[in-house]
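Q: Sequence:
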Amino acid sequence: MIADEQRIALGWLTVAEVLELAETGSVVLDPHSLLIGREVQLGRGNVFYPNVVIECDATMVRRDRRSATRRVTRAR
1 MIADEQRIAL GWLTVAEVLE LAETGSVVLD PHSLLIGREV QLGRGNVFYP
51 NVVIECDATM VRRDRRSATR RVTRAR
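Numbered per the working numbering, the sequence shown spans residues 1 to 76.
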């Protein structure tokens, strides 16, 4: 599929990989308009709305000592 080839070339997850997020308990409302960078680390139980772009450069995610949340400390 050409769309997946373009996504891979630009560093995005493929549509099939985006759909796999639903298997981890996330809700993906429109997998064709959702762009997620390969460097992004996601948790479970997310809701992804149409036309969303999630990207980051050298990912530095750390667990917040005060809670169980994760925080992206450097993103563009």
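These are calculated hints, taken from the structure and not from any lab test. Just so you know, even glycine gets a beta-carbon here, dropped at the ideal spot from N, CA and C. Treat the hints with caution; some may be incorrect.
As the list claims (entries may be wrong) - Okay, the calculated beta carbon distance ranges per label pair:
{"id": "1", "residue 1": "Val15", "residue 2": "Glu39", "range": "26 to 34 Å"}
{"id": "2", "residue 1": "Ile2", "residue 2": "Arg44", "range": "29 to 37 Å"}
{"id": "3", "residue 1": "Pro50", "residue 2": "Ile2", "range": "28 to 36 Å"}
{"id": "4", "residue 1": "Cys56", "residue 2": "Thr14", "range": "12 to 20 Å"}
Q: To test your reading of the hints: which numbers does this structure violate?
A: Numbers 1, 3 - these are the hints that the structure violates, sorted from lowest upward.
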